[in-house]
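Student: This is what each chain is made of:
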Amino acid sequence: MNIDAFWIIFTGSLVAICCSLLGCFLILRRMAMVGDAISHAVLPGIVLAFLFSGSREVWTMLIGAAALGVACTFLIEFFHKKAGVQADASIGVTFTWLFALGIILISVYAGKVDLDQDCVLYGEIAYVPLDLWFTESGRNLGPRTVWIIGGVLLILVLFISFFYKQLYLTSFDSAFAAAIGISTTLWYYLLMSAVSLTTVAAFESVGAILVVALMVGPPATAYLLTDDLKKMLLLSSGLGIIASAAGFYLALWLNGSVAGAISAVIGVQFTLAFVFSPSHGIIARNRKGLAAPRMAEATVEPVL
Amino acid sequence: MNTLWEFLSMSDANVRFVTIGSILLAASSAVVGCFTVLRKRALVGDAVAHAVLPGVCLAFLFTGEKNPLLLLLGSFVTGWLSLVLIDVIRANSRIKEDTAIGLVLSVFFGIGILFLTSIQHSGNENQSGLDKFLFGSAAALVGQDLITFGAVALLLLLSVLLLYKEFKLLSFDPAYARTIGLPVKGLELLLTTLTVLAVVVGIQSVGVVLMSAMLITPAAAARFWTDRLGVMVLLAAAMSSLCGAAGAFVSFTAPAMPTGPWIVMLLSLLAIFSFVLAPKKGILARYLLQRRIRRQMTRENILKTLFHLGEATGEYGHSYSKQQILERRQKPLLQMKNSLHTLRRKGLIKKSREGWALTEAGKKEAQRVVRLHRLWELYLTEYLHVASDHVHEDAETIEHVLTPELEKRLEELLHYPTADPHHTQIPQQP
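If you're matching them up, the sequences are chains A and B in order.
The numbers in the working numbering rise by one with no breaks, and the one at position 288 of the first sequence is 288.
Convert by adding 304 to the 1-based position in the second sequence; the result is the number in the working numbering.
It should be emphasised that the hints constitute simulated quantities derived from the structure, not laboratory data.
Note that the structure is predicted; figures quoted are calculated from it, not measured.
Keep in mind that the hints are not guaranteed to be accurate.
[Claimed, not checked] Sample of chain B residues with no beta-carbon within 12 Å of chain A, all distances over it, derived: (1) T367; (2) Y468; (3) V512; (4) G586; (5) K654; (6) L714.
[To be verified] Which stretches of chain A does chain B cover? Using the computed rule of at least three CB atoms under 8 Å from a CB of chain B, they are: (7) 19 to 33; (8) 59 to 67; (9) 80 to 87; (10) 146 to 155; (11) 187 to 198; (12) 220 to 227; (13) 262 to 268.
The beta-carbon is built from N, C-alpha and C at its ideal position, and this holds for glycine as well.
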């Protein structure tokens, strides 16, 4: 394995861990599509940050995009709660609007903004080893992206380990959480900020779609394998790392996009768990179904 | 003005194609979108839009050429497959619908990207233009596309027109549709197929991400203006066509502007306008209604308090200061000053040097509210067996909303009572 391959797989793994950790909470809250919405809605934030700072300055882009991500969740909630728009329609209207805004901004400032749509949608992780970071004395510190995503991962791990109880309670039993004095709104928005931050940090290298694939795929697979949230977090991180490595070699073999290949591997992982999971797979379910008395089903069905 | 005229006359063939194409696409996807949104499956369109890509690439890989019909067929197959998979995952595992949609969407799209990049790197000269399915380019519409658009739009509109009643039942009451013997499974399949068809065709002009807006946004906006399905469908189609034409106009005046994003932008603005300003359902209308009710409640509470104060002495015409009124109440009165003035204007209270007193009309109105309060308390204790010290809070809110008809029924039910559970007198109807 040469050094470039190592950096690409390493970056992919870091992104995978970030996304899977947050994704576990998202799918438990039935908010997988909100993750999808945020990953698209950060686009105008990135463009605006670009215009204001005039450069690809990392911090302004992170802040700009994170702000838009939170604004997107706020708008979704606002349309749903205040105007009574159906929940799924509210998501659909909001993120497409912001994405359209982003593309229009890109077209208006085409000369000034060095961004294009395909980069946003599927990124290019293969360029990661090219953008190296040197200290003033000229020491090679490795790819810049690795440092950014590493930083985000550190923040996420600290966030989840310190506030595990709050995140756990607000995800599983928000009524109880509210009763013992945990603000569900505060933790909702903190989680959404974390999702926005991760999306932006990851978007340049892997694009919006892989962010969604990594946020939904490994956690969903892990959800079919375990009932324990802590195990689910670890398992989905592990699955994400495997997908990054396998995806890299698949892309190499097919001479295609690494991000696309990682998504494909995630699909394979899920299919395997869906069929063979010892606790929740189709085979296990059918076996249980055979053991259970057939009568019960026959009486329940007509009522439904 | 000149540009507008030039645009409207459609003398330029390219303008004609783009405009008519955009309108056809916008109207047909809006019509189908109404049903997907009402069936609470709005985001399914997003999944189909992303799942189209691998089909396009596979069709190209197998045939090696860009035959539009074959590409459409390929995209139709994978788009359709994605919907089936979402249903299979949801029905056969503990995975919820939103997760299933997100998973299928990203995995299909990922596979599509893998194929697409692989094809692009293979050096096949033919491949350029395949990414039209990714980002769409309404500006590149040509006459031939228009024929496909027109045919599909006609098919969609005809199916909806012919099966309008069936689709309506399916959207609002599938259980009833099943009992009266409609082929629900078949209709669902047909509606799914129509959705996939609308997406597959539309995607070439607005792109993967924005396609879901063409389905969802007009339907969501139209829903705010009406409760009738027929009106909603027509309204959605009209709004959508308007924005389609306007989007084409924008890119006509400024050629650098992409048509698709502008259509979505205008549609979204129209939707947000509807969310805020639509009569009855909009945020503003609701806020005004709430405010009116809140003020009415404050006024009734003031009258009631004055009545309570008078009840102790039996002298209802006595004046009380604001302080005295507030002391008698357990909860503060919002915007008391305004309400006092309104009450005076209505002749329900009068002002003297010592403060405020009920007029004869005000006393009648106060009696009505107190009467409802006490009737309700009695009803709760007699019929729902709530302890008599727990009924006050509930009565405090319902007294403002009970109608005269309900009042009459309560009286009959309670055999024209004269005292409430706290043994205070219930004021009789004058």
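Student: Work down the list of hints and note, for each, if the structure agrees.
Tutor: Hints, one by one, checked against the model:
Against chain A, the non-interface label of B/T367 holds: every CB pair exceeds 12 Å, the least being about 19 Å. With 12 Å as the threshold on Cβ separation, the claim that B/Y468 sits away from chain A holds: the shortest Cβ distance comes to roughly 21 Å. Once the 12 Å rule is applied to beta carbons, B/V512 is inconsistent with being away from chain A; the minimum gap is 7 Å. Non-interface status of B/G586 relative to chain A is broken: a Cβ of that chain comes within 12 Å, the nearest being about 7 Å off.
Residue-level check passed: B/K654 sits 40 Å from the nearest beta carbon of chain A, beyond 12 Å. Separation of B/L714 from chain A is adequate, the least Cβ-Cβ distance of about 31 Å exceeding the 12 Å criterion. Here the region 19 to 33 of chain A counts 5 residues with a CB under 8 Å from a CB of chain B, which clears the bar of 3, and the coverage holds. With a cut-off of 8 Å between beta carbons, the region 59 to 67 of chain A has 0 residues touching chain B; three or more are needed, and the interface restraint is violated.
Against chain B, the region 80 to 87 of chain A contributes 5 residues with a C-beta closer than 8 Å to a partner C-beta. That satisfies the three-residue criterion, and the hint holds. With 0 residues having a Cβ less than 8 Å from any Cβ of chain B, the region 146 to 155 of chain A misses the three-residue criterion, and the hint is violated. Residues of the region 187 to 198 of chain A lying with their CB closer than 8 Å to a CB of chain B number 0, which falls below the three-residue condition for coverage. For the region 220 to 227 of chain A, the proposed coverage by chain B is satisfied: 3 residues have a C-beta within less than 8 Å of a C-beta in that chain, meeting the threshold of three.
With 5 residues bearing a CB less than 8 Å from a CB of chain B, the region 262 to 268 of chain A meets the requirement of three and the coverage assertion stands.
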